[in-house]
Structure formats: structure tokens, C-alpha cells
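Visitor: Here's the letter readout for the chains.
2 protein chains.
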Amino acid sequence: MSAPLSPEWIAADWGTTHLRVFAMEGSRVLAQASSPKGMASLARDEFEGALLELIADWLPVGRKTLVIACGMVGSRQGWVEAPYAAVPCPPLQASAMVEAPVSDPRLSVWIIPGLSQTMPADVMRGEETQIAGFLAGNPGFSGTLCLPGTHSKWVQIERGTVTSFSTFMTGELFALLSKSSVLRHGMADDGWDAAAFSGGVTASLARPDMLAAAFFSLRAEGLLHGLVAASARARLSGLIIGAEIAAVRQDVSGDVTLIGAPALSAHYLAALKLAGLDGRTTAGESLTLAGLGLARRVLTENQKG
Amino acid sequence: MSAPLSPEWIAADWGTTHLRVFAMEGSRVLAQASSPKGMASLARDEFEGALLELIADWLPVGRKTLVIACGMVGSRQGWVEAPYAAVPCPPLQASAMVEAPVSDPRLSVWIIPGLSQTMPADVMRGEETQIAGFLAGNPGFSGTLCLPGTHSKWVQIERGTVTSFSTFMTGELFALLSKSSVLRHGMADDGWDAAAFSGGVTASLARPDMLAAAFFSLRAEGLLHGLVAASARARLSGLIIGAEIAAVRQDVSGDVTLIGAPALSAHYLAALKLAGLDGRTTAGESLTLAGLGLARRVLTENQKG
Numbered sequence: 001m002s003a004p005l006s007p008e009w010i011a012a013d014w015g016t017t018h019l020r021v022f023a024m025e026g027s028r029v030l031a032q033a034s035s036p037k038g039m040a041s042l043a044r045d046e047f048e049g050a051l052l053e054l055i056a057d058w059l060p061v062g063r064k065t066l067v068i069a070c071g072m073v074g075s076r077q078g079w080v081e082a083p084y085a086a087v088p089c090p091p092l093q094a095s096a097m098v099e100a101p102v103s104d105p106r107l108s109v110w111i112i113p114g115l116s117q118t119m120p121a122d123v124m125r126g127e128e129t130q131i132a133g134f135l136a137g138n139p140g141f142s143g144t145l146c147l148p149g150t151h152s153k154w155v156q157i158e159r160g161t162v163t164s165f166s167t168f169m170t171g172e173l174f175a176l177l178s179k180s181s182v183l184r185h186g187m188a189d190d191g192w193d194a195a196a197f198s199g200g201v202t203a204s205l206a207r208p209d210m211l212a213a214a215f216f217s218l219r220a221e222g223l224l225h226g227l228v229a230a231s232a233r234a235r236l237s238g239l240i241i242g243a244e245i246a247a248v249r250q251d252v253s254g255d256v257t258l259i260g261a262p263a264l265s266a267h268y269l270a271a272l273k274l275a276g277l278d279g280r281t282t283a284g285e286s287l288t289l290a291g292l293g294l295a296r297r298v299l300t301e302n303q304k305g
Numbered sequence: 001m002s003a004p005l006s007p008e009w010i011a012a013d014w015g016t017t018h019l020r021v022f023a024m025e026g027s028r029v030l031a032q033a034s035s036p037k038g039m040a041s042l043a044r045d046e047f048e049g050a051l052l053e054l055i056a057d058w059l060p061v062g063r064k065t066l067v068i069a070c071g072m073v074g075s076r077q078g079w080v081e082a083p084y085a086a087v088p089c090p091p092l093q094a095s096a097m098v099e100a101p102v103s104d105p106r107l108s109v110w111i112i113p114g115l116s117q118t119m120p121a122d123v124m125r126g127e128e129t130q131i132a133g134f135l136a137g138n139p140g141f142s143g144t145l146c147l148p149g150t151h152s153k154w155v156q157i158e159r160g161t162v163t164s165f166s167t168f169m170t171g172e173l174f175a176l177l178s179k180s181s182v183l184r185h186g187m188a189d190d191g192w193d194a195a196a197f198s199g200g201v202t203a204s205l206a207r208p209d210m211l212a213a214a215f216f217s218l219r220a221e222g223l224l225h226g227l228v229a230a231s232a233r234a235r236l237s238g239l240i241i242g243a244e245i246a247a248v249r250q251d252v253s254g255d256v257t258l259i260g261a262p263a264l265s266a267h268y269l270a271a272l273k274l275a276g277l278d279g280r281t282t283a284g285e286s287l288t289l290a291g292l293g294l295a296r297r298v299l300t301e302n303q304k305g
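Top line first, the protein sequences correspond to chains C and U.
Residue numbers for the first sequence follow our numbering, beginning at 1 and rising by one.
Residue numbers for the second sequence follow our numbering, beginning at 1 and rising by one.
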């Protein structure tokens, strides 16, 4: 039998649909675990139990282990609300972190707040921690970040401060249209066609205002010209991502830094190139851990000071 | 007991989800009936039965009664495929109508084909009959028609010929976003806010490319500024309709003639006004009957000739 784990601290990435935890020694991952007990499936008094299910064995008796959590766990429907920090501001401020109420004496849980923007109204929860992780490795960074996903974020940074951001419902629109709209009849569940994707991006870059008509044209292309299902899927993705890039293009100077899953980031890189923009990729998951680690250091120093 | 009905002919508006039939004497409606047996719920050999359920009592023995049908009944998944007529063409051509196979000797069923456009690929089924009905009362018409709905159509007409058209997934996008996306949390099922609608239209007219970001902003407005649910619903509608009008605005000259349900047409009128365009309304349902009546006359003359 191996010795029981006794991590220095615990990192938690707690989103709408999943909870992921990491037993940490400094910035080293000793163990990890996950469950489908995301924010959306839990009542307020169920969060502590959901966390203990995964980490109880990692908690030595007789001292408190610090848990740092980010994501929807800090929303109004979450464990405890961590009110948004308003931009312009750094992505992470120790003074804005909120302690969650716990019963277990071995636990001390702190939640990272999201960011808000007043006009145009916008919010993020979770991405701010990835941004903080990126900035930890790129201090004083100025430029444009893109975090593609269900709700893609485009974020302007000036010397480490988030000055503005914009959320596009890209991934959610793609899922709704490909699975629940009239387009589903001509749409594959998977497969890819890089040329069809590029065609969609190019069409939206030229006429982003035609998006809702370009969607229906996919249906008509299937009926009239036999557009195959995998191509329809890739073209739909290209139309939506192309419209997103068309909308932000004027605000981008220099390279776009992509923070996200490798496959999706590769699609964005191809789309950026069609818009005459350069991009570079980073690893999204490791940045979340880096951001949680930074939050831990800042919080610990703050509490000592 | 009243004398049995013996209509001269029968009009059928047969869409994806509903079948509506009208017992006709010339252009006069003697009786009407409907059922939820739309195209989507029927296998090929079930169409005749679904029709007879509604009209069997209207069919005298010893002669064939002509039934003229329009809509998705003529699609590839329908009773019999009535291949699209390609624009430019008049909305209705007797030679393109297709006879459906029937067993009942009292029936003669003809289906009106839809219209197609090669580039950009587009299709319609059902709307061509409303357009034909409108043109029957406005011979030689040139201008722009708008048929708002689940799949809104913008149609350019030159002296009675449909030269081009464009379909926007307006109603379907609105339903998906308001009922199935993250926006549903802040969205009422009904209610209206005319100022919020106008705000949405104006925002999309100014930045139609920002549509996917403007959607998410509704969520953020609810979280940050307490945007109420009925206002969120109206603003979402305004955003989608505004983007539609922004996209077609450059192709419109003169008034836009709206063919649709009164409440929806009133929203479009308000949106057109914000875009600096004039519109006028017509009654959609009576135009379908007028178009079916025109098809009957043309078909009958064709068969005599």
C-alpha cells in the first residue's frame, strides 16, 4: 500500500458541467480526479460534499488544506457568489477572492471571481484564470488573446491589464444549429473538410452580415448540389468562426494568442490566416493550473502580509 | 340535416407540421378543416389517407374533384417530389406541377413545385404560392417582398418574375436561442418591450457582424444590469431581425411589401422604419388561397388547351 497523499494545496477547475481537481506540491501535479458534478447539477449545500467525494483522501487530519477554485462555482447559482471584478483590471486580484463556507475542519476553500465589462455588457468566469496563468509566463504582455470554445472570448490586454473583452456564442451556436435546427438533416456528427471550412470562413469574412442566410444556404446546397454532410459541418463551423473574426479584426494588432484545445485552436489559426492575421497557440489546460497556482501564491502572501 | 357539401375544387396548404384544407366554390371558401398531419409525420403511403380524413365527406361519387396543394408535401420526403423551378421564373408554372398517385377514384391531386436558386443556393416551398397570389392581385409588379417567419424570405420581383431570393433562419434562430441556449435563463416565454426591440434592431443595423457577441451580451445584461426577461426576449428578436434587414438593405429599392402574420409584420414594419425603409403589409393566409386558386385556373386551362 502506498503512503497516503498529502498535497500542499489543491487546485479545482469547477465549471457548469464538470469538476476537476488536482493534488499539488508547488506547481507539480501529484494526482488528479474529476466528476460530472458541475455547478449546474448542485444545490448550494451540495458543493462541499461533491468536492469531498474527490479529495477527502488527500486531506490530512489536524491541518487545513487550501483549495483554490475557479469557474462557475463562483456564480450566483454556485457555492458562494464571487462578484465579478470590473475591467479594466488585472485578471486576478487576491482581495476579490471569496472564501466558501465549509463544515469540514480540514478544508479552506477560496474562489476566484470572474470579470465583467459594463458596456457592451459582458462577463467571464474561468477564462480569467487561464489569462492569469498566461500572464504569469508573459509578464507585462500587451496584445490580443482568443479563448475559443462554447462562448469564445476575445480579450485585449495592455501591460498585464485586461482592458476589454467580447464573448461570441460560437460553440453554442454551432451545437444548436448542427444538432437541433433544420440543418441537422444534412449535417454529419463528425468528419472534417478543410476546404469547406475555409470556404465558410471566407464567405463570412466577406459578408458577416449574411450569417443567418448563409446558414440556410447550407440546407439548400444539400438539396440542390448534394453538399455532403461532413463538408456541411465544416462549412457551418467556418461561417460562424469567420463571422467572429470579421467582427474583431479591426481591434486586433499583432499576433493573436490562442488559448484552447489543440484541434479547435488549429481551426482558428487557419481562419485567422484567411483574415490576414497571424496567430500562435498555447496549451489551455496547463494555463488554468498556472493561474490557480498564481492565485494560491498571491492569496498566501496576502494572508501573511 | 344540411345538404352534403360538393365543392368545385379543394385547396390544400400542406406544410411540415400541419395540413389545412379548404372546400372551394371558385374563390369562395365553403368550409375548411385542418389536422396536425404535416409532411414530417407521414410516410409516402400515408398522404392520401391523411387527406381523405379531412375531405372524404366533400367528395361526390362519380366524378373527380381537383385538389391543389402547396408546401412541403412536394418535397423529396413528401407525397411525391415536385422538383424546384429555378429562378428567374414566374412563381407558378402549370407545366411544372406534379400529379400525386392516388387510389380513390374521386381524387385528382396536383402539387405546386417550390423555387430554387443556384447561387447562392436557396430554396422555398409554399411561399411561391403566396407570391403568386400577391401577383395575381398586382400584375406586372416589380419590387421587394418580405415573407417573415421561421425561414424568412426576401424576394426580388421584376415584372412578375422572381429574379432572386434569400432565406434567413430568423424564426428558427430566435426559437433556438430563446428556448434552448444559455439565454433561456433570462428570457421570458412571452411579453414584449417595443423599446428593447428597437434597441436590438438599431444595434444590429450598426454592427450586423457583431450578432453572435450581441446574443451573449443579453445574458451579461441580465446578470450585471438586471435586464428583465420580456425585454431580453424583444431585444433578441430585434437583434436577429435587424441583422436580416442590414443584410438586404442594399438590394431594396422602394417599399418593402410584407406578406405574413399581422403581429410579426408589425415588428418588421417597425424595424424597416429604423433602417430608413418603408413597408406595407398584406394578409398572408388569403394570398395562399389566391395562389392556389390561380394554380387551379392555370392547370385547368392547360388541360383544356
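Among the hints, a few may not be true.
Unchecked claim - Facing chain C, a subset of chain U residues (Cβ under 8 Å, in silico):
id	residue
1	120
2	121
3	122
4	123
5	171
6	172
7	180
8	192
9	206
10	210
11	240
12	247
13	252
14	253
Hints are computed from structural coordinates only; laboratory data are not their basis.
C-beta: ideal position from N, C-alpha, C; glycine also.
Visitor: Work down the list of hints and note, for each, if the structure agrees.
Guide: These are the hints, each one checked on the structure:
1. 120: With Cβ-Cβ at 5 Å, under 8 Å, it holds.
2. 121: holds, 4 Å
3. 122: holds, 5 Å
4. 123: This interface hint holds because 5 Å falls under the 8 Å limit.
5. 171: Violated. Min distance 10 Å.
6. 172: holds, 6 Å
7. 180: holds, 6 Å
8. 192: Status violated, d = 21 Å.
9. 206: violated, 11 Å
10. 210: Holds, because the Cβ-Cβ distance from residue 210 of chain U to chain C comes to roughly 5 Å (cut-off 8 Å).
11. 240: With Cβ-Cβ at 7 Å, under 8 Å, it holds.
12. 247: The hint holds - residue 247 of chain U has a Cβ within 8 Å of chain C, the shortest such distance being about 4 Å.
13. 252: violated, 14 Å
14. 253: Residue 253 of chain U check fails; min Cβ-Cβ to chain C is 19 Å, beyond 8 Å.
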